[in-house]
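As given, the protein sequences belong to chains Z and Y, one line each in that order.
Residue numbers for the first sequence follow my numbering, beginning at 1 and rising by one.
Residue numbers for the second sequence follow my numbering, beginning at 379 and rising by one.
The reader is advised that the hints may include incorrect statements.
Pairwise CB distance ranges, derived in the manner of DEER restraints [as the list claims (entries may be wrong)]: (1) P308/Z x A497/Y: 48 to 56 Å; (2) S36/Z x K388/Y: 24 to 32 Å; (3) G397/Y x P363/Z: 50 to 58 Å; (4) S470/Y x P363/Z: 56 to 64 Å; (5) R211/Z x S505/Y: 37 to 45 Å; (6) T159/Z x P424/Y: 54 to 62 Å; (7) D432/Y x D333/Z: 41 to 49 Å; (8) D333/Z x D398/Y: 58 to 66 Å; (9) S470/Y x K323/Z: 37 to 45 Å; (10) V433/Y x S36/Z: 27 to 35 Å; (11) D246/Z x S505/Y: 53 to 61 Å.
If we take Cβ atoms under 7 Å as the criterion, some of the chain Z residues that face chain Y in the derived model are [stated by the list, open to error]: (12) V34; (13) T231; (14) V295; (15) H317; (16) L321.
A short, non-exhaustive set of chain Z residues, derived as facing chain Y with CB atoms under 8 Å [claimed, not checked]: (17) V29; (18) Q30; (19) G33; (20) G299; (21) G316; (22) P319.
I should point out that these hints are in silico values taken from the structure, not numbers from a laboratory.
By construction, the Cβ of each residue, glycine as well, lies at the ideal position given by its N, Cα and C atoms.
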Amino acid sequence: MSLRRTPLHALHKELGGRLVPFAGWEMPVQFAGVVSEHFAVRRQAGLFDVSHMGELRVTGPEALPLLQRLTPNDVSRLVPGRAQYSALTTDSGGFVDDIIVYRRGEESFLVVTNAANTARDLAWIRERGGTAAECVEDLSDETALLALQGPRAPAILQTLTDLDLTTVRYYRFAEGEVAGVPGTVARMGYTGEDGFEIMVPADRAEELARRLLDAGASEGLVSTGLGARDTLRLEAKMALHGNDIDEDHSVEEADLGWIVKPDKGDFIGRDALVAQREHGVTRKLVGFELRDRGVPRHGYPIVVNGEPFGEVTSGGHAPFLKKSLGLAYLPADACEPGQAFEVVIRGRPVPAEVVPTPFYVRPGKKKKKKKRAAAAAV
Amino acid sequence: MTPDDLYYSKEHEWLRLEGDGSATIGITDHAQQELGDIVYVELPDPGSALEADDVMGSVESVKAVSEIFSPVAGTVTAVNDALEDAPEVVNSDPYGDGWLIRLRLDDAGSPAATMLSAADYDKHVASEAD
Numbered sequence: 001m002s003l004r005r006t007p008l009h010a011l012h013k014e015l016g017g018r019l020v021p022f023a024g025w026e027m028p029v030q031f032a033g034v035v036s037e038h039f040a041v042r043r044q045a046g047l048f049d050v051s052h053m054g055e056l057r058v059t060g061p062e063a064l065p066l067l068q069r070l071t072p073n074d075v076s077r078l079v080p081g082r083a084q085y086s087a088l089t090t091d092s093g094g095f096v097d098d099i100i101v102y103r104r105g106e107e108s109f110l111v112v113t114n115a116a117n118t119a120r121d122l123a124w125i126r127e128r129g130g131t132a133a134e135c136v137e138d139l140s141d142e143t144a145l146l147a148l149q150g151p152r153a154p155a156i157l158q159t160l161t162d163l164d165l166t167t168v169r170y171y172r173f174a175e176g177e178v179a180g181v182p183g184t185v186a187r188m189g190y191t192g193e194d195g196f197e198i199m200v201p202a203d204r205a206e207e208l209a210r211r212l213l214d215a216g217a218s219e220g221l222v223s224t225g226l227g228a229r230d231t232l233r234l235e236a237k238m239a240l241h242g243n244d245i246d247e248d249h250s251v252e253e254a255d256l257g258w259i260v261k262p263d264k265g266d267f268i269g270r271d272a273l274v275a276q277r278e279h280g281v282t283r284k285l286v287g288f289e290l291r292d293r294g295v296p297r298h299g300y301p302i303v304v305n306g307e308p309f310g311e312v313t314s315g316g317h318a319p320f321l322k323k324s325l326g327l328a329y330l331p332a333d334a335c336e337p338g339q340a341f342e343v344v345i346r347g348r349p350v351p352a353e354v355v356p357t358p359f360y361v362r363p364g365k366k367k368k369k370k371k372r373a374a375a376a377a378v
Numbered sequence: 379m380t381p382d383d384l385y386y387s388k389e390h391e392w393l394r395l396e397g398d399g400s401a402t403i404g405i406t407d408h409a410q411q412e413l414g415d416i417v418y419v420e421l422p423d424p425g426s427a428l429e430a431d432d433v434m435g436s437v438e439s440v441k442a443v444s445e446i447f448s449p450v451a452g453t454v455t456a457v458n459d460a461l462e463d464a465p466e467v468v469n470s471d472p473y474g475d476g477w478l479i480r481l482r483l484d485d486a487g488s489p490a491a492t493m494l495s496a497a498d499y500d501k502h503v504a505s506e507a508d
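Extracted from the complex, chain Y is given alone in its bound form:
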């Protein structure tokens, strides 16, 4: 199930508003399934400034490398260091312990204008499969 309380990008990232002007970002369950077994996660340095759609890192599976785009603008405040030794957590818990970065949003407004709801993301995934 795609969690209802998150925002989604067409590039298969999710974003959770933390209510304090920051947001947590990861990749969706669909994305981790498509990638397969993840063996390496490359993340930005804390303090990095990201624009919307900037490449913020990459996720590599045994089969392929996939770039991760920041769906919004902000400054990175934390990255999930645990993935350095256990990248497979992105596969097993993509919406929880497999989060990638946290950032302070440049624009405290809702990302709803540029991102998708869970229902619309599911439709987007279904349309890609056609």
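Only chain Z is shown next, with the shape it has when bound in the complex:
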């Protein structure tokens, strides 16, 4: 099977990107190097090509009821111009995929999916959506997606657009021109930094990428690859479908219960997720740090007193925090920070412990409001 290429393939080669197979696509894993790209995004800015991701347009009178039925988050709460993190859930509350739902108008939505899952998602939507799924259109081939991420991203992007980016707050988007290219500019990302995801027609993507790289050069903007994207998202504890979340792990188990809104009415997986919320889950996704040298990686076993205790779902050396970090499902009664266990790294048990997440929070980011119950207890 030949690998698919994004509209920026030629530019990646020109810029010295190292291209590797990823989810059926030929994608740049790195340009200058994963660590330097990681630091560029934490300190200045990086430009990622994420055109391999899928884009589905959902329009018409059936659009809202269809998305309400397929996803756990409450799509009716979205006003046009806002987006939400959500999922396509199975009957048992697992992830067919994790997705972002944009509301463009009363009856107009856009769903962004993971590259490896787009075909599966479409099949799932058609299978479970019935005739209502006729309002879903796959725009993936004609759509490119660029992610401009890092503290300098707003300043760089503002030089190329008349959109007032100060009004495009987190998980909002605006439609307009960037460097003369019509597109959708959404404030979000997968790095733990401020930044934007910019959706444009595939045939204008290279032009836009060149203009962004030119405009950002003096601000320290560099081309960044999927290697840095993975280390950045791990530091920010953002789940990766296929590693940390899948059909066999539920939204509640993945510690993403905040996207489950049972009060909105029925949706696929509601009964299972409500039951888990009421009775608790048996395992939960947590973050951990190694207490000795080594690098934990996806699939490494976790043991306590030599007995199986879990498995690493994502792991690696975190360049900015300079620690070996990972995510793992552990028994729900053993998820508190400080919980000790061992990760077996090629036969060698290495001590580790559960730590609070996200591992990395960018400077100046507002802390989440404390839970009411905790405040009342004081």
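Take the given structure of chain Z and dock chain Y to it, following the hints.
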């Protein structure tokens, strides 16, 4: 440039004869480039006896872990402890400060019979790229 005074393995290790029956071993510039940013180096304990082609340690980059094979038989006399805190030196100076281990050779003869010259190693790398 691949240094002319070293011997090379097809698994991308280099070996320098020190002239006193010992040899220094590291990974090649090509190997460190392929691995990318190195974040962790695992080395054997001094005193370990290694056979040719034994796994003597591993080098991990942000992307992958790669096992390192001893190209010859011998006993480990020293390991590069500096890599514990600065594994990135393997990237910046693979033939110098980024060396991995030193060992006393079991066979004081030349490793030329089993290892590659710089020119042959370059050909090997080129053939792998095809």
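*Under 8 Å, Cβ to Cβ, is where P319/Z needs to be relative to chain Y, so tell me if that hint holds or is violated.*
Because about 7 Å separates P319/Z from the closest Cβ in chain Y, which is inside the 8 Å limit, the hint holds.
*For the pair V433/Y and S36/Z, does the Cβ-Cβ distance stay inside 27 to 35 Å?*
For S36/Z against V433/Y, whose Cβ atoms are near 30 Å apart, the range 27 to 35 Å holds.
_A closest beta-carbon separation below 7 Å is what the hint needs, so does T231/Z meet it against chain Y?_
Holds: closest Cβ of chain Y sits about 6 Å from T231/Z, inside 7 Å.
*Has the hinted range 24 to 32 Å been met by the Cβ atoms of S36/Z and K388/Y?*
Check passed, 30 Å falls within 24 to 32 Å.
*Tell me if V29/Z is really an interface residue toward chain Y, meaning its C-beta lies closer than 8 Å to one of theirs.*
7 Å, holds
_Cβ distance range 50 to 58 Å for G397/Y and P363/Z, holds or violated_ = Holds: the Cβ-Cβ distance is about 54 Å, inside 50 to 58 Å.
*Status of the hint placing L321/Z at chain Y (closest C-beta pair under 7 Å)*: 12 Å, violated
*When the nearest CB of chain Y is found for H317/Z, is that gap smaller than 7 Å?*
The hint holds - H317/Z has a Cβ within 7 Å of chain Y, the shortest such distance being about 4 Å.
*asked:* Taking 48 to 56 Å as the stated bounds, is the beta-carbon spacing between P308/Z and A497/Y within them?
replied: 51 Å, holds
*Report holds or violated for the interface hint on V34/Z, using the least CB-CB distance to chain Y and a cut-off of 7 Å.*
4 Å, holds
*Status of the V295/Z interface restraint (C-beta, 7 Å, chain Y)*: 5 Å, holds
*Okay, D432/Y versus D333/Z on CB: inside 41 to 49 Å?*
43 Å, holds
Of the hints listed earlier, those the structure fails to meet are numbers 4, 9, 11, 16, 20, in rising order.
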